[in-house]
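Student: Following the hints, position chains B and C against chain A.
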Amino acid sequence: MQIKINDKSYDCNENDTVLAVCKKNGIQMPTLCAHPDLLPSEGVCRMCLVETNQAKGLVSSCTQKVSQGLEVFTETQNINKARKINLELLWADHAGKCAQCKKNGRCELQKLAEEYNVEGFKFVPRRKELKKENELDLVKDNWSHTVLDEKNPCLSRDSQYCIECRRCVKVCKEIQTVESYAVNNRSSRTNVGTPFNQPLDCIFCGQCALVCPTAAITEKDETDKFETAIVDPRKMVVVQFAPSVRFSFGEEFDQPPGTFWEGKLVASLKALGADKVFDTTLAADLTIMEEANELIERTKNKKNEPMFTSCCPSWVLFIEKYYPEFIPNLSTSKSPQQMLGALAKTYWAQKEKIHPENIFSVSVMPCTSKKYESQREEMRASGHRDVDLVITVRELARLLRKKKINPLYLEEEKFDPALGISTGAGILFGQSGGVMEAALRTAAEKISGKKLEKVEFEMIRGEAEYRCAEIEIGDLKLRIAVVHEIRNARKLLEDIKLGKAKFDFVEVMACPNGCIGGGGMPQPTNKFVRKARIEAVLARDKGMPLRKSHENPAVQKIYKEFLGEPGSEKAEELLHTKYKNRKNKKD
Amino acid sequence: MQILTRNWDKIDPLNIDSYIRQRGYEALQKVIRNMDGAEVIVEIKSSGLRGRGGAGFSTGEKWETAAKTAADEKYFICNLDESEPGTYKDRTIAEKNPHQILEGILIGAYAIGAKKAYVYINGNYKKQAEILRIAIDQAREKELVGRGILGSAIDVEIEVFEGAGAYICGEETALLNSIEGKRGEPRLKPPFPPVSGLFGKPTIVNNAETVANIPYIIRQGAKKYSQIGSAVSPGTKLFVLSGAVKNKGIVEAPLGITAQELIYNSLYGGGLEMGKEFWFAQIGGASGRLVPAGKLDQPLTYGNCEYPLGSGSILVVDKNANIKDLLLSWAGFFHRESCGKCAPCREGTYRLWEIAKRLKSNDFREKDRENIEDILWTLSNTTFCPLGKFASVAWGDAVKMFWDEIFKA
Amino acid sequence: MGIQKILLQFEPRPENLLAALKEIQKENGYVGEKEAEKIAKYFSLPLAQVYSAASFYDQIKTEKTRKKIIKVCSGGPCLSEKSMEVVRQIEMMLKIEMENDGHSKYKLEWMSCMGMCDRGPIVMIDDQVFEKVRPEMVDDILRNYL
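Going line by line, the protein sequences match chains A, B and C.
Mapping of the first sequence onto the working numbering: position 360 corresponds to residue 343, and the numbering continues sequentially without gaps.
Basically the working numbering = 1-based index in the second sequence + 27.
Basically the working numbering = 1-based index in the third sequence + 1.
Think of the hints as simulated: they come from the structure by calculation, not from any bench.
Quantities reported herein were computed from a predicted structural model and do not represent experimental measurements.
Each hint should be verified, as a subset may be incorrect.
[Claimed, not checked] With a straight-line Cα cutoff of 30 Å, these simulated BS3-like cross-link-like pairs (lysine-lysine) come out: (1) A/Lys80 - B/Lys384; (2) C/Lys69 - B/Lys153; (3) B/Lys394 - B/Lys384; (4) B/Lys427 - A/Lys105; (5) A/Lys48 - A/Lys86; (6) C/Lys106 - B/Lys153; (7) A/Lys568 - C/Lys35; (8) B/Lys346 - C/Lys133; (9) C/Lys42 - B/Lys387; (10) B/Lys228 - C/Lys42; (11) A/Lys115 - B/Lys351; (12) A/Lys437 - A/Lys485; (13) A/Lys156 - A/Lys474; (14) C/Lys65 - B/Lys384; (15) A/Lys123 - B/Lys384; (16) A/Lys514 - A/Lys203; (17) B/Lys435 - C/Lys96; (18) B/Lys251 - A/Lys67; (19) A/Lys111 - B/Lys435; (20) B/Lys351 - A/Lys105; (21) B/Lys384 - C/Lys106; (22) A/Lys283 - A/Lys(-9); (23) A/Lys105 - A/Lys86; (24) A/Lys(-9) - A/Lys7; (25) B/Lys275 - C/Lys83; (26) C/Lys68 - A/Lys115; (27) C/Lys133 - B/Lys37; (28) B/Lys209 - C/Lys69; (29) B/Lys416 - B/Lys346; (30) C/Lys133 - B/Lys273; (31) A/Lys433 - A/Lys540; (32) A/Lys540 - A/Lys156; (33) B/Lys228 - A/Lys474; (34) A/Lys480 - C/Lys39; (35) A/Lys568 - C/Lys42; (36) B/Lys435 - A/Lys105; (37) C/Lys65 - B/Lys154; (38) B/Lys72 - B/Lys251.
Pulled out of the complex, with its shape left as it was, chain A reads as follows (with noise of 0.2 Å):
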């Protein structure tokens, strides 16, 4: 059907609403609330009123569904008048902080205060107006209320800057099925939060610093470390980054989502001081070696089927957590990162001849969790904690502004070869289905021992939540199925559990699209974006010159100066790990 809009006729769908016709048509519309990944919007922040023909007053556009012949208008008087209004109001707990606010320059809230020339001060008074004692009293009631979260490795809360805009509560309960946040109290005192105001316990999937407009729920930033160790002389600093940020990396420098800036990355981070850059994504092919090996031994033995992925910190928390009769399917291969990490200060530093107590291993992820993961009790195989630091993408990009280093203007670096050559598959890793195929490319070929003609495997490709299929290598016929988001992960599990599904090997991804949507990625990140970046690394792996682990140079000569073969003793020792039954128990 049409309908009107500023007198000018658009298409729409039946159940489409006037927000999204807005959205499609390059209709401004301010939005706090509204997300695309997280319908139906439940019209809160009164952000996106419009005036209709139908209706008296005012109606939030994000739930007003379109009707035949319906008209309506989004600059009238009465609207611009509300948004004022409306961001005054919201405006008023956060007027004067940005100074010193995370999310200085990249909050919505600003933004939107900016575009509409909000004064600020208008309900508050300044903090040199503030004489009078019921005034202090008001600055004491506001922050008895506030809640500081910083208990847990991953993931900052501060509900000062809470809008109470419930996109986290519905990340977290709909997508992840976690439900961690909820809304509470009532009346001025409603804020987003814990029961009883606990510190977060959760999976750190960090897909609710993703959506958070303000700075309320951020990455923990830990770019101080990262600063102090470049500075320190005694300390040789190694970072590696992840398939999926190279694709990302630009957005926070106005690229548009996909472009492929992975020299500049490089020369990002040897502009800032790091000593070597090494590509996680060779780490990703290693991981395939182990993790092929791992499924092809279980398969024979039909042990513990089906094997899962463990690449994903989140997914196995997830497991940890809250189904830990699965942890004996999960696979023993730690992530590209952890192995990258260990073998940084085993193989690497042997070979240089530097001692792994002056390392201080860094990697860009695109993940929250990985910062958990780094601090895990399991990893220190190389008798020092494998990965001292994990920043995530948008830290990086902070850190980067604040020493005012523009990647435009560097030139493009490439990695250090040591550990810097990688393959299509291992850059496949970025996107839900990645590790699936970059793991029957390298079976397909072990198993049938014939060089595959094809190596897409399209079949488990696309966005769909829960995608499955049954390969036939050689005698070998292998159920397999790739998840992404925990909603569908958390499906999967109770159809295992009910004997409705059989698989042989099956790839997880906690995030929606896997890492390229994960929770450390600039914001923002929805449906659209992710869709540009997965583009991007297919792209890549298309255009790769390797695109098969096993053809990777750099992990043959690891194996055969170091680690012999996948899963022998020292590949188990430093490449793999166990995991935790962590049901009920308070970390």
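Tutor: What follows is chains B and C alone, placed relative to chain A:
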């Protein structure tokens, strides 16, 4: 004119027989034996009965929508949450004549095809909840509630559901959320409860006073009822008089009566207390408009009124009253009761309350005048549910009528 | 009576959650973390949802409070019956200020209308309700009930 309060002096709330002796449950018998649901609805529609909680929507039309919506389960809910300040009429019906409410509920449930009914009662009304429970048990013993009512195939179960202290739960969709074990936050409308209500099923939410009118309408007929009161909203209303009137309390009067009569007629308010001079009257509780002396002669109905009658409570304020105390009372109430879901109400009521506190200590700021206007405007026009509008009504009138008074030191 | 025994009075259906919360509130004085966890388990609800609902309502407290809370009805009819004078009297006698949380033992708050407008001013101390309170009565009430 006594429809609701008829024979209350002859009825013992804890004795069902005393109710039956006053023609109690006759209407229910008539309905179960001689009428089908559709006929009941036609009767209620033509009576012109409108909701007595304040919204004034046609009860019959609501019932019709619920009856027409196909579903495997339907619910009938009597709203006795009654949290509007100055209102205690529903509580009084429950403690004086609980069976009047129960009979109305049973007839309503039958009309729409509901097998389960709730009485959502204010959490503070513990005594009244007990009275209702005893009444339900006594009715059950006489096969008037539960399975096989009066030997028929009709089952209607009634349960008393106690609230836990939240004014917003008087709003029908917030009430539904409350029963579902959630926060009492209002829902988006549409869908409306008669189409999708409790647990997504067709649900009727009627005010207790509305429900209490049902037995009379069935017994005496819609035509007779429609001739009482005013043409646009027939019947009588329980008005609650408080403040500076001589006779404080509950009076029953036909709709269409004026505030002038209610306040000054010796049958009702009996005029102002000795030595007190009339300043204004607030009609409809804390969310009601302020009526000056010159406007008291407007008929109070549920039609289009300049001064809507709302819940029917009338607070008479005399010239000795401190307007700033009242402003603080109104602002504090709506701030406390705001559910916190939408930004303008959550933040607006808070800022208005801050201003009210400062006004009380004569601490005026230059920005106050504009801020008050802006907050009242946004509360009135941009909130998720009507509570925002309610919060702006009394202040809106006060600021227009008593600006100098408020801002003088 | 233990929490479990109270819970067993109710069928674990969502429409019984509020009543269960109220019952536990009555028995325990508040619904704390331990209690909420048991409730969540019984009703098969996430803890976050139980706390979200419990913290919404006036009659359910989610933490132990050591202070005595004195509430005065803020409604128009009670104001008309001089509730403000009662407030001033309480403030004077206890040396506290309305809505101020500074005192270690007492807190004076406004509360919403309880529907007892024919018997106002209404004052509540914890669960005890006092009707038709005059300033002269305040001394007695505070002495006997605080």
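Student: Would you mind marking each hint as holding or not holding in the structure?
Tutor: Against the structure, the hints come out as follows:
Annotation: proposed proximity of A/Lys80 to B/Lys384 holds, straight-line Cα distance about 26 Å (limit 30 Å). Restraint check for C/Lys69 and B/Lys153: the C-alpha separation of about 22 Å stays at or below 30 Å, so the hint holds. Among the hinted pairs, B/Lys394 with B/Lys384 is consistent with the structure: their alpha-carbon atoms are about 15 Å apart, no more than 30 Å. At most 30 Å may separate the alpha-carbon atoms for a hinted pair to count; B/Lys427 and A/Lys105 meet this at roughly 22 Å.
Distance restraint check for A/Lys48 and A/Lys86: the Cα-Cα separation of roughly 33 Å exceeds the 30 Å cut-off, and the hinted pair is therefore not satisfied. With a C-alpha separation of about 28 Å, the suggested pair C/Lys106 and B/Lys153 falls inside the 30 Å cut-off, and the hint holds. At roughly 15 Å between alpha-carbon atoms, A/Lys568 and C/Lys35 fall within 30 Å of each other, so this suggested pair holds. Straight-line distance between C-alpha atoms of B/Lys346 and C/Lys133 comes to about 22 Å, which keeps the hinted pair within the 30 Å bound.
Taking the CA atoms of C/Lys42 and B/Lys387, the gap is near 48 Å; set against the 30 Å cutoff, the hint is violated. As the CA atoms of B/Lys228 and C/Lys42 are separated by approximately 27 Å, the hinted pair is consistent with the 30 Å bound. Of the supplied pair hints, the one linking A/Lys115 and B/Lys351 holds, its CA atoms being roughly 20 Å apart against a limit of 30 Å. For the hint linking A/Lys437 to A/Lys485, the alpha-carbon distance of about 27 Å falls within 30 Å, and the restraint holds.
Taking the CA atoms of A/Lys156 and A/Lys474, the gap is about 14 Å. The hint holds against a cut of 30 Å. Annotation: proposed proximity of C/Lys65 to B/Lys384 holds, straight-line Cα distance about 29 Å (limit 30 Å). With a C-alpha separation of about 16 Å, the suggested pair A/Lys123 and B/Lys384 falls inside the 30 Å cut-off, and the hint holds. Distance hint between A/Lys514 and A/Lys203 is fulfilled; the C-alpha atoms sit about 27 Å from each other, no more than 30 Å.
About 28 Å separates the Cα atoms of B/Lys435 and C/Lys96, which keeps this hinted pair within 30 Å; it holds. With a C-alpha separation of about 53 Å, the suggested pair B/Lys251 and A/Lys67 falls outside the 30 Å cut-off, and the hint is violated. The hinted pair formed by A/Lys111 and B/Lys435 meets the criterion: a straight-line CA distance of about 26 Å does not exceed 30 Å. Of the supplied pair hints, the one linking B/Lys351 and A/Lys105 holds, its CA atoms being roughly 22 Å apart against a limit of 30 Å.
Under the criterion of a C-alpha separation no larger than 30 Å, the hint pairing B/Lys384 with C/Lys106 is consistent with the structure, at around 24 Å. Taken as a hint, the A/Lys283 and A/Lys(-9) pair is broken in the structure, with Cα atoms around 65 Å apart against an allowance of 30 Å. Distance check on the hinted pair: A/Lys105 and A/Lys86 sit about 22 Å apart at the alpha-carbon level, within 30 Å; holds. For the hint pairing A/Lys(-9) with A/Lys7, the CA-to-CA distance comes to about 14 Å; that is within 30 Å, so the pair holds.
Pair hint B/Lys275 plus C/Lys83 holds up; C-alpha atoms about 15 Å apart against a cutoff of 30 Å. A C-alpha spacing of about 26 Å is found between C/Lys68 and A/Lys115, which places the hinted pair at or below 30 Å, so the restraint holds. Straight-line distance between C-alpha atoms of C/Lys133 and B/Lys37 comes to about 28 Å, which keeps the hinted pair within the 30 Å bound. Proximity of B/Lys209 to C/Lys69 is assessed by CA-CA distance (about 29 Å); at most 30 Å being required, the pair is judged to hold.
About 27 Å separates the Cα atoms of B/Lys416 and B/Lys346, which keeps this hinted pair within 30 Å; it holds. The suggested pairing of C/Lys133 with B/Lys273 holds, with an alpha-carbon distance near 17 Å, which does not exceed 30 Å. Taking the CA atoms of A/Lys433 and A/Lys540, the gap is about 22 Å. The hint holds against a cut of 30 Å. The hinted pair formed by A/Lys540 and A/Lys156 fails the criterion: a straight-line CA distance of about 46 Å is larger than 30 Å.
About 27 Å separates the Cα atoms of B/Lys228 and A/Lys474, which keeps this hinted pair within 30 Å; it holds. Our distance criterion of 30 Å between C-alpha atoms is met by A/Lys480 and C/Lys39, whose separation comes to about 26 Å. Simply put, A/Lys568 and C/Lys42 have alpha-carbon atoms about 16 Å apart, close enough for the 30 Å limit, and the pair holds. For the given pair, B/Lys435 sits about 22 Å from A/Lys105 by alpha-carbon distance, which is consistent with the 30 Å threshold.
Between the alpha carbons of C/Lys65 and B/Lys154 the distance comes to roughly 27 Å, so the proposed pair stays at or under 30 Å and holds. For the suggested pair B/Lys72 and B/Lys251, the alpha carbons sit about 13 Å apart, so the restraint of at most 30 Å is met.
In terms of the numbered hints stated before, the structure departs from hints 5, 9, 18, 22, 32, listed from lowest to highest.
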